[in-house]
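Peer 1: Protein chains in written order, with the working numbering: chain L, 1 to 220; chain G, 1 to 207.
Calculated from the structure, these hints are not laboratory results. Be aware that a few hints might be false.
Stated by the list, open to error - Under the rule of at most 30 Å between Cα atoms (straight-line distance), these lysine-lysine pairs were calculated in the DSSO-like manner:
{"id": "1", "chain 1": "L", "residue 1": "181", "chain 2": "G", "residue 2": "167"}
{"id": "2", "chain 1": "L", "residue 1": "181", "chain 2": "G", "residue 2": "156"}
{"id": "3", "chain 1": "G", "residue 1": "167", "chain 2": "G", "residue 2": "156"}
As the list claims (entries may be wrong) - Reference listing, derived: stretches of chain L covered by chain G, where coverage requires no fewer than 3 residues with Cβ under 8 Å from a Cβ of chain G:
{"id": "4", "segment": "105-114"}
{"id": "5", "segment": "190-202"}
Glycine residues also receive a C-beta, built at the ideal position from the N, C-alpha and C atoms.
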Amino acid sequence: MPESLIPITPGSGAKNARTFNRTIGVNSVEEQVGFLAEYSGGGSSGSPTTEEFETPPISYPTGAPGHLLEGLNLTRSTVLIRWIGIFQVGVASVAATDRLSVVSIFQVGSGFGTSAFGAPYDTADGSSMGWYWGFAPTPPLVEYGPEVATEAEFDCQYISAIGAQSPGMRAPLIGELDFEKVRGKSLRVWHRTGIAVRFDTQRAGATVIVAVRYTTWTGY
Amino acid sequence: MPESLIALTPGSGAKNARTFNRSIGGNSVEEAAMFLAEQNMPTYEVAPAAASAATAASHLLQIMAGASLNVYVRWIGLYQLVVATAAAIDEYDIVRVTTAGTGGAAVTPAPLDSGDAAAGAAGMTLPTVKGTEGTIVSRISVQFTQTIATQSGGMKAQLIGEWDFEKLRGKALRIPSGATNGIVVKVITARAGATIIPVARIAEASF
């Protein structure tokens, strides 16, 4: 009998918790009413720090497979990856559908020409959580971060021409992974480990923005 | 063993909290029923007239905080209104600014609940003197239409770009209080002919 109840002894009435009364079967029950509060102001230990990083438009590195982006968690806590998106900017030489994946790594490779940190959504959380991102590797010496496991994968359809008519809502967002679901965990990245966005096929001509949104809780 | 419980002593029964009984492992537990109340944080829509996308590095939309309340940016959408001279994919950024731009078309945020006070925050499109740019918070690419087909362009085809900061776990994009604190939606590449309606939904709070 899964539908159930807990009898409550009401208090003195100096304050009242809002409820909604409902009769289910023969039970008169009170359903609690709550609302989703805003996460606390900056720097609070009870509040998640949320940050976003995205590359400028970048070309594919030469060769395949490879990594469009590598990131290493240098924060003191585990980090939860909420969302990864691929926006196409420059057209590809040939239209195609390619597999991309997110792989776990334990160190960033060498030869990445550019590195940067993400930007927090709340400036009171500091200038950055400390998650280090590398992209746009400069050949010929490119050594990607050693891969541990494939965490997720998705397909992206690259266009080779821009049509005059509308392609539909948010068309340049050619691929995304949404780890922020109502029930279910986000992709967890432990301290001193990282992730990479891996491509299996070199997509000549195309330029993309690779975007990542992530959060951390103090003490996680 | 993270799954846990707190033993409760049932009360006198004058009122009953609705629960759902479940057995997890060896534990019989009661899961409380609740529903989400209506939100109470004042929320505003920043809805300017269409603005030109034809100037590179321009600030299509500027939102500056007021003197005393922090701004939480929930969502920003870019709706293409007028077709471009040539179809193209362009980058758009959200950038923090540390001074307010001036000389553009002012936009007064409209409260979604007329019972709320006027917003302290202020909007503007295409300031002629741009605010001082700081950190890039986010980048996306958008595709401009050159020709409107006689047939359907697909669901919400004119919504060429959006940012959704209203997530279940994680902070929204926050602008600290102070009239010199703000964000802008920045046009990276000029797109001749095209206009965009940049819409933002924001909330204000003292925390």
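Peer 1: If a hint holds in the structure, say so; if it does not, say that too.
Peer 2: Going through the hints against the structure:
1. Taking the CA atoms of residue 181 of chain L and residue 167 of chain G, the gap is near 9 Å; set against the 30 Å cutoff, the hint holds.
2. The hinted pair formed by residue 181 of chain L and residue 156 of chain G meets the criterion: a straight-line CA distance of about 23 Å does not exceed 30 Å.
3. Proposed proximity of residue 167 of chain G and residue 156 of chain G is supported: the alpha carbons are some 21 Å apart, at most 30 Å.
4. Only residues whose beta carbon comes within less than 8 Å of a beta carbon in chain G count, and the segment 105-114 of chain L has 0; fewer than three means the coverage is violated.
5. Restraint check on the segment 190-202 of chain L versus chain G: 0 residues with Cβ-Cβ distances below 8 Å, three needed, restraint violated.
When the structure is compared with the earlier hints, violations turn up for hints 4, 5 and for no others.
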